[in-house]
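Visitor: The chain contents come next:
Number of protein chains: 2
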Amino acid sequence: MASQIVRVGLLGCGNVGCGVLRILDENRREIEQRAGCGIEVKKAADIDWARPRAYSVPHEKRTEDPWEIVKDPDIEIVVEVIGRTRPALDLVLASFENGKSVVTCNKELMAKEGRRIMEAAAEKGVDICFEGAVGAGIPVIRAVKEGLAGNRMRRIVAILNGTTNYILTQMAREGREFPEALRMAQERRYAEKDPSDDIGGFDPAYKLAILASVSFGSRVALDTVYREGIEAISPVDMGYAAELGYVVKLLAIGADTPEGLELRVHPTLVPSSHPLAHVDDVFNAIYLEGSPIGEIMLFGRGAGAESTSSAVAGDIIDIARNIRHGALGRVPCTCFEEKSPKSMEEVVSKHYIRMLVADRPGVLAKIASIFGNEGVSIASVVQKRRVGELAEIVLITHQVKERPVRRAIERIRDLEDVDTVANWMRLLEE
Amino acid sequence: MASQIVRVGLLGCGNVGCGVLRILDENRREIEQRAGCGIEVKKAADIDWARPRAYSVPHEKRTEDPWEIVKDPDIEIVVEVIGRTRPALDLVLASFENGKSVVTCNKELMAKEGRRIMEAAAEKGVDICFEGAVGAGIPVIRAVKEGLAGNRMRRIVAILNGTTNYILTQMAREGREFPEALRMAQERRYAEKDPSDDIGGFDPAYKLAILASVSFGSRVALDTVYREGIEAISPVDMGYAAELGYVVKLLAIGADTPEGLELRVHPTLVPSSHPLAHVDDVFNAIYLEGSPIGEIMLFGRGAGAESTSSAVAGDIIDIARNIRHGALGRVPCTCFEEKSPKSMEEVVSKHYIRMLVADRPGVLAKIASIFGNEGVSIASVVQKRRVGELAEIVLITHQVKERPVRRAIERIRDLEDVDTVANWMRLLEE
Numbered sequence: 000m001a002s003q004i005v006r007v008g009l010l011g012c013g014n015v016g017c018g019v020l021r022i023l024d025e026n027r028r029e030i031e032q033r034a035g036c037g038i039e040v041k042k043a044a045d046i047d048w049a050r051p052r053a054y055s056v057p058h059e060k061r062t063e064d065p066w067e068i069v070k071d072p073d074i075e076i077v078v079e080v081i082g083r084t085r086p087a088l089d090l091v092l093a094s095f096e097n098g099k100s101v102v103t104c105n106k107e108l109m110a111k112e113g114r115r116i117m118e119a120a121a122e123k124g125v126d127i128c129f130e131g132a133v134g135a136g137i138p139v140i141r142a143v144k145e146g147l148a149g150n151r152m153r154r155i156v157a158i159l160n161g162t163t164n165y166i167l168t169q170m171a172r173e174g175r176e177f178p179e180a181l182r183m184a185q186e187r188r189y190a191e192k193d194p195s196d197d198i199g200g201f202d203p204a205y206k207l208a209i210l211a212s213v214s215f216g217s218r219v220a221l222d223t224v225y226r227e228g229i230e231a232i233s234p235v236d237m238g239y240a241a242e243l244g245y246v247v248k249l250l251a252i253g254a255d256t257p258e259g260l261e262l263r264v265h266p267t268l269v270p271s272s273h274p275l276a277h278v279d280d281v282f283n284a285i286y287l288e289g290s291p292i293g294e295i296m297l298f299g300r301g302a303g304a305e306s307t308s309s310a311v312a313g314d315i316i317d318i319a320r321n322i323r324h325g326a327l328g329r330v331p332c333t334c335f336e337e338k339s340p341k342s343m344e345e346v347v348s349k350h351y352i353r354m355l356v357a358d359r360p361g362v363l364a365k366i367a368s369i370f371g372n373e374g375v376s377i378a379s380v381v382q383k384r385r386v387g388e389l390a391e392i393v394l395i396t397h398q399v400k401e402r403p404v405r406r407a408i409e410r411i412r413d414l415e416d417v418d419t420v421a422n423w424m425r426l427l428e429e
Numbered sequence: 000m001a002s003q004i005v006r007v008g009l010l011g012c013g014n015v016g017c018g019v020l021r022i023l024d025e026n027r028r029e030i031e032q033r034a035g036c037g038i039e040v041k042k043a044a045d046i047d048w049a050r051p052r053a054y055s056v057p058h059e060k061r062t063e064d065p066w067e068i069v070k071d072p073d074i075e076i077v078v079e080v081i082g083r084t085r086p087a088l089d090l091v092l093a094s095f096e097n098g099k100s101v102v103t104c105n106k107e108l109m110a111k112e113g114r115r116i117m118e119a120a121a122e123k124g125v126d127i128c129f130e131g132a133v134g135a136g137i138p139v140i141r142a143v144k145e146g147l148a149g150n151r152m153r154r155i156v157a158i159l160n161g162t163t164n165y166i167l168t169q170m171a172r173e174g175r176e177f178p179e180a181l182r183m184a185q186e187r188r189y190a191e192k193d194p195s196d197d198i199g200g201f202d203p204a205y206k207l208a209i210l211a212s213v214s215f216g217s218r219v220a221l222d223t224v225y226r227e228g229i230e231a232i233s234p235v236d237m238g239y240a241a242e243l244g245y246v247v248k249l250l251a252i253g254a255d256t257p258e259g260l261e262l263r264v265h266p267t268l269v270p271s272s273h274p275l276a277h278v279d280d281v282f283n284a285i286y287l288e289g290s291p292i293g294e295i296m297l298f299g300r301g302a303g304a305e306s307t308s309s310a311v312a313g314d315i316i317d318i319a320r321n322i323r324h325g326a327l328g329r330v331p332c333t334c335f336e337e338k339s340p341k342s343m344e345e346v347v348s349k350h351y352i353r354m355l356v357a358d359r360p361g362v363l364a365k366i367a368s369i370f371g372n373e374g375v376s377i378a379s380v381v382q383k384r385r386v387g388e389l390a391e392i393v394l395i396t397h398q399v400k401e402r403p404v405r406r407a408i409e410r411i412r413d414l415e416d417v418d419t420v421a422n423w424m425r426l427l428e429e
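From first to last, the protein sequence lines stand for chains V and H. In terms of numbering that gives the first Met the number 0, the first sequence opens at residue 0 and continues consecutively. In terms of numbering that gives the first Met the number 0, the second sequence opens at residue 0 and continues consecutively.
Derived by calculation from the structure, the hints in this document are not laboratory data. Ideal Cβ positions, reconstructed from N, Cα and C, are used throughout, including at glycine. Do not take every clue at face value.
[Claimed, not checked] Keeping only pairs whose Cα atoms sit at most 27 Å apart, straight-line, the calculated BS3-like set for lysine-lysine is:
#: 1; chain 1: H; residue 1: 341; chain 2: V; residue 2: 41
#: 2; chain 1: V; residue 1: 144; chain 2: H; residue 2: 41
#: 3; chain 1: V; residue 1: 144; chain 2: H; residue 2: 144
#: 4; chain 1: V; residue 1: 41; chain 2: V; residue 2: 123
#: 5; chain 1: H; residue 1: 341; chain 2: H; residue 2: 365
#: 6; chain 1: H; residue 1: 341; chain 2: H; residue 2: 144
#: 7; chain 1: V; residue 1: 338; chain 2: V; residue 2: 144
#: 8; chain 1: V; residue 1: 341; chain 2: V; residue 2: 400
#: 9; chain 1: V; residue 1: 70; chain 2: V; residue 2: 41
[As the list claims (entries may be wrong)] Covered stretches of chain V (chain H as the covering partner; in silico rule of three or more C-beta atoms under 8 Å from a C-beta of chain H):
#: 10; segment: 32-41
#: 11; segment: 134-146
#: 12; segment: 223-237
#: 13; segment: 287-293
#: 14; segment: 400-412
One chain only, chain V, in its complex shape (with noise of 0.2 Å):
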């Protein structure tokens, strides 16, 4: 057996890098009779072989510099997981030069650059594969390529972020404030030190732009999706939710629309009947809707060096697999179209609306009626509490589009007898 070697090399080696180096050993036996050849990581690059590691590289597989990798003529496929755009991308687009097929979880890199990537692999005939750049080992990007191949996808709503999901369900199980959620998050070293990418809502958009990509056959520009984050949200809110059976999460919605696709990333109303609600922790799910499949769902830990591992390692697999039969290029780029982006006011769901009023008679009747002028409909109003002097009121919206319901809350923050606006969010229709 074995004897085809494919040789891989490692641009990065921390935590991921380590965690392919692990599989590739642990369980060789399997991999090497699935992929039908042996694969072996020859070299792998870091620029700090000091720092304490999960798993020790032999010397003679170490080197500082990445470009030898990218040069080495023994080596058929290059991991890249050094993560931001530079220098991974010269570094990519180099590997594609000399022929080398790339594996690539890089989220931002393939949302930025996705297209020029692709287009880079096509031209020289190598393959290009990122299944861990979205959702880590949950293999939904392989799914919509391949097993869901003959389906037209319609909608994507997914939590695509571990760390918020986390946070999140802290606030809601436990009752706690975001800022105490979110330090127990980074004591568990689920949120960096710096952790906007992740409660800014970035790192979702760059994996709703690859998989909108992947799913509705066309490259989306990454300024098309609309985010929003969540330090906004209160366990007040959490628990106005859940009275009206909702859960509150961070999701990632994408939907292939007669007036183009929407794409937009921000906390949402989840029904406590959906698949979705029940997604806690640090787990990540994507549900998809599309024709002839209808709703499905795959879920799984989406961050971690385990299941971001076994990404890359199926993703080498793959490329193996490609080599020993001359198949390189098998699943090319998948977006053939051009699809406009669709804006978000024209957005249709309903709305959570939740504000602090002057607890006088009238005030209600003035909001309601600024809601009215503006054409939106409103399916509840409760008072639900006095906040010293002021009396909180939360309101739903029937479905109407973003834009009267934006005019209507900056009319209503303009009363004299309204205080703030403290929350506004939309609600997922089942």
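We have chain V already, so just place chain H on it with the hints.
Guide: Below, chain H without anything else, positioned relative to chain V:
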């Protein structure tokens, strides 16, 4: 585009066959782009062209003779959607002989004749794909063979039969008795007139045999899968399960253990906090544990023409890509090992036992001493209610091998004070 055309023949043109025709027609443009070639059904074979169909098949594509397709040199992919093992097996083997690749969603065929089929396809260097045989359109076979190929899979816990899951959901949610819930399932055409394949657990046993073969890399003989149906479950058990924090589901469980492959289909008490507890109605879900991926779950419609035809289309596109790249046989059979089955008596779990006993002092002591003598430790016993002259007792054991539980139950059944052991089910550990 589509200078090359791959021609397909359908063996069987009922709901799934028509679904395949529809998807290849309605999503033609996307499918051609993704496959990199045109895909065309040249001929469909069915014994009855007079019956009403959801999709109209042009006369020139119809035949009553499946052998016409198997012998047609233009046809490169044969889709077998006849069901049962004969004549399906002969047609599939003859298709290989003639150099054609095959797509099937025939779970009985693959569970009973998988070895012969996989070997014959490998010998001829053609593809055999069977995504639709397990979980219909949920792409779990491809996930295990490809996206998760770097993993060593340890455990499968799955709801693989939509009909019984619908029945159990009706019983749990509405308190219906089994016969009534079955009747409802038949009215909705979820259950067949002769429902024994579903409610007896044969259908999920076929699927488990296939999925376990792929996951654990060892061909599973169907007769090593332990099987119980759902006929004995009553809403009374469901109620007690709910009180204890469980939901009753017909689970297919597979595990690769040091003592051999554990393979079993039976009603199980699933903790309400487990992701499978929320999988209701006709939905299926497959929960997998592997290393390094950890837990992963796939959820979707596990039956129906739409979902199954999505799987068939995915398989056709996969094979068309291989044909285009000269890469047939790219993902071969992955059963490289021979793992022995583990005896059901060695399986360790907690048990739920409900019995009706004489309502007098000392009865419980006798029962408890039998369990004690057999080495079965009891976690809790509750007397639930009086049924006529009898007392109903519900008992939960600690984790224990099956053998002593069986022996204890036999001895308890012989006790004069015991009227019936009304039900006995295993619990799923989290």
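Visitor: Evaluate each hint against the coordinates.
Guide: Hints versus structure:
no.	hint	result
1	H:341 <-> V:41	violated (40 Å)
2	V:144 <-> H:41	holds (25 Å)
3	V:144 <-> H:144	holds (15 Å)
4	V:41 <-> V:123	holds (23 Å)
5	H:341 <-> H:365	violated (32 Å)
6	H:341 <-> H:144	holds (24 Å)
7	V:338 <-> V:144	holds (18 Å)
8	V:341 <-> V:400	holds (12 Å)
9	V:70 <-> V:41	holds (13 Å)
10	32-41	holds (count 4)
11	134-146	holds (count 8)
12	223-237	violated (count 0)
13	287-293	holds (count 5)
14	400-412	violated (count 0)
In summary, the numbered hints that this structure violates are 1, 5, 12, 14.
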